[in-house]
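Chemist: The primary structure of each chain is shown beneath.
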Amino acid sequence: MAVTGSILELCNLTRRVGDGTPARAIVDNFSYSFGFGRLYSIIGPSGAGKSSLLRLLNRLDECTDGSVKFKGSDTREFAPCELRQRLGYLFQTPHLFDRTVRDNIVDAQPHLSESKISRLIQQVQLPSGIVDAPVDNLSVGERQRVALARLLATQPEVALLDEPTAALDPANTEAIERLISSVVTDHGVTVVMVSHSRQQVVRLGGEAILMVDGQLIEHGDAVGLVKNPGTPQGRRYMNGEPQ
Amino acid sequence: MTTPGLTQVLLAGILVVIAIAVARYWRLPVIKDMAFGSVRGFVQLVAVGYAVRFIFDIESPWLIMLALGIMMTVGAHAASGRVKSVKGSFGTCLAAILTGSLITLATMLVFKIISFDARYIIPLAGMIIGNSMNASALVIDRLASDLRANRLAIETALALGKSWREASQKFHRDAARTGMVAMLNFLKTVGIVALPGAMTGMILAGADPVEAVLLQVIVAYMLLSATTITSVVAVELTIRRFFTRHHQLRIDR
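Residue numbers (the working numbering), protein chains in the order written: chain A, 1 to 243; chain B, 1 to 253.
No wet-lab data here; the hints were simulated from the structure. Treat each hint with caution, since some may be false.
[Said to hold, decoys possible] Okay, derived cross-link-like pairs now, DSSO-like style, lysine-lysine, Cα gap no bigger than 30 Å in a straight line:
no., chain 1, residue 1, chain 2, residue 2
1, B, 162, B, 32
2, B, 170, B, 84
3, B, 87, B, 188
4, B, 162, A, 71
5, B, 84, A, 116
6, B, 188, B, 170
7, A, 69, B, 162
8, B, 87, A, 116
9, A, 116, A, 71
Excised from the complex, chain A in its bound form (with noise of 0.2 Å):
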């Protein structure tokens, strides 16, 4: 397998759904390249098709046009089960499994020892004790960490996340930040994450990329893009104003 420069390169990534004609594209036309052990926040306005071409990185969904190559080859060499797991996907709503904590791991890796699995707990900052809780008693934001520590479970190469802080009070948000810089800084994963808030891809750096109507507008650096956008779409969508 040969091995580029991006751990992820989109080539015209396209997907048509609906019986138009011409179908309407969500992810039109999408050309980018995502590097090893950086964090990416992909951000738009709401039907901009930011979850959609994530679902397609993951192949939750096929595209229509174009393709995705995972370290060079197309990921549609892989077997899917196989290459979701070294893409992990992280649902903006996560869902757990109506069991334990310990449980919710295990069913994505099932031979973890008893050791990885407390190392998970801790690195997502959770308390040692929750590893037995039914699933049930915990908030909002110990459900997001569990499901954080089940796709860390499967050790992914990049971790796709999607609005992972929507539901979350700032405290949360914060302490899932920090996670977030953690898996990439110390783990050297590749997050791609959407995100709605411009302060928070400002607080958590990296690369961003503006998508509005299933099309890169803009990409560079977090902060100069969001406080310095190079594109009439990029000025209207930070001054909040509509595409």
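Mind docking chain B on chain A? Use the hints.
Modeler: Positioned in the frame of chain A, the structure of chain B alone reads:
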């Protein structure tokens, strides 16, 4: 009991008149359905009576098979009409009913529980196909609604690297059980709460109650087999319509 003739049937019509009067008094919006249903039921049953008598008289294996084919097709059509939201449900219902019915009937013939005689095959197949029809419609409806309602749970499992079968396993089992639950409840209460149709019919026709019970036991086992096989086949065929070969859930968002 008097052997039923046209006079008895017309007299039994008094019961329909009483039912319609009650419905009218309560202004229930079903009076037309009751009247049409009673007449239609009479016509259908009389037509079937003559058709079955014709099949009994001819005793042709081909005619028996043709009758079975028609019964299964009509059953599949009726079942699929109840699950229109699932594409290809007619084919699924037909395949499920066909498999459940044929395996059950074939087993009964191979072990000589019944003989290949229209007098046995036609009424027993009627019971099998009727129950299989209900089972297949219930299974498809339950599975489709569960998959639609649990999209996030299924996609979470898929995103963690599970196969489509692993991700939706719980819903297969729940749906298959739904198809069998009427039969399981029947087995729990049979003889205690209700005396089932075949047995009641035999007793009314003057048969020995013990013989009637033995036939009923055979009928119960036969229906258990048919509904179980139908349910499982219906699940297996339906679930594939909801996933792509790349383990993607196929529900329009």
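Chemist: Now tell me if each hint is right for this structure.
Modeler: Consistency of the hints with the structure:
| no. | hint | result |
| --- | --- | --- |
| 1 | B/162 - B/32 | violated, 53 Å |
| 2 | B/170 - B/84 | holds, 23 Å |
| 3 | B/87 - B/188 | violated, 35 Å |
| 4 | B/162 - A/71 | holds, 22 Å |
| 5 | B/84 - A/116 | violated, 49 Å |
| 6 | B/188 - B/170 | holds, 25 Å |
| 7 | A/69 - B/162 | holds, 21 Å |
| 8 | B/87 - A/116 | violated, 45 Å |
| 9 | A/116 - A/71 | holds, 27 Å |
Violated hints for the displayed structure, listed by number in ascending order: 1, 3, 5, 8.
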